[in-house]
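If you're matching them up, the sequences are chains A and B in order. The opening residue of the first sequence carries number 210 in my numbering; numbering runs sequentially from there. The opening residue of the second sequence carries number 815 in my numbering; numbering runs sequentially from there.
Be aware that one or more of the hints could be misleading.
To be verified - Listed below are the simulated DSS-like cross-link pairs for lysine-lysine, each with C-alpha atoms no more than 25 Å apart in a straight line:
#, chain 1, residue 1, chain 2, residue 2
1, A, Lys282, B, Lys982
2, B, Lys982, A, Lys348
3, A, Lys315, A, Lys344
4, A, Lys315, B, Lys982
5, B, Lys919, A, Lys344
6, B, Lys948, A, Lys225
7, B, Lys948, A, Lys344
8, A, Lys315, A, Lys282
9, B, Lys948, A, Lys348
10, A, Lys250, B, Lys982
11, A, Lys315, A, Lys214
12, A, Lys250, B, Lys978
13, B, Lys956, A, Lys344
14, A, Lys250, A, Lys214
Please keep in mind that the hints were generated in silico from the structure rather than gathered at the bench.
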Amino acid sequence: MEKIKVLWTLYHTFVKIGGFTVGGGYAMIPIIQRETVDTHKWATEEEMTDIITLAQSMPGILGINAATSIGTKVAGIPGAVACTMGMVSLPIIFVLIVSAVFEQFKDLTAVQYAFAGIRAAVAALILHAVIRLLKPTVKDFFQLIIFVAAFFLVVLSVLPMQYVLLICAFAAIILSIFRRTA
Amino acid sequence: MISLFTMFFRIGLFTFGGGYAAYPLILDGLLTRGWMSEAQFADIWGVCNMLPGAVAVNTAAFVGYRTHGVSGALAAAFGAILPSLSLVIIATYFIARVNKSRILKGAFYGLRPAASGLIMAAAFRMAWATFFPKAGLLEFAKIADGVSIFAVALFAAAFLVMLKVKIKNKPVNPILVIIGAAATGIVCGSAGLL
């Protein structure tokens, strides 16, 4: 009984965090921090730093990864599932509603015009995301080569993206082994 | 449906560096399966940015719904979160060791710039498609057939706003940029400028 109570608290805490934060990722961190460290005392400030580092180094979404890690720490695997489900429950419901409505309106002329604008803006947002990522991801000459190579391999459709990622990971592992021994 | 789940599972496994890293991967998966065009996907991405939650998971659910209904939405969304869910659980149990593993560190050292390169490629393709609606990707000869001045101007404006404008010392919320772009599109379209 006690365990179910804990899981429920985890779940509804993260429903609140996941359902009402627009923008995802970094926007969620301060709110997660407040709920986890201050309100529920599930982790200390220092443990929270470790959790964020871990969440950043794993694939996936920063905010959801942090939630999963906190859940694991508090209540093991069931806790991880409770927190993760909490983070995505409301957003998925919102998406289902919007996508059902979207079908009805997407052919209106005004909506078509709106999307002509949105497409240009999305291209700019993606470019801006890259500019922000350059500083933390391209720190030396080797990383610059990887960045440029990945760009051209994909634009010229030489290789499927997942192979590009795998090759870059292997190249980096081999290089870092050589650097240690040299 | 299984194809949808495995597609998003793989995307979830390879998404490093935030939600935008998923954009090129989802687009690639959709194009190879012929489920959606580049423009349709950009529309969905724009809408999902305005909804609460992580844009990558939202987009997965939206795409799943459009291609396979409600169960498709769930399959895609859970496919996208399952890899990181399992990896984060494992990593939490070994929290100290993850930061020390040489191989993992090495892999991330190469994956981070590669992910940036892929996002850059997606931005390039998207910009190309909106700027030169009549030319296919890298068809330089057809550029002269039609350049959308509206798209070029709006792209430049949106990029400058994101880069330079600060509200209370914070960058502008992307949602505002999308809403502004939608409004500009409606005004210019109604005025016959598109």
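Tell me, which hint numbers fail for this structure? Result: hints 1, 2, 3, 4, 6, 7, 8, 9, 10, 11, 12, 13 break, sorted rising.
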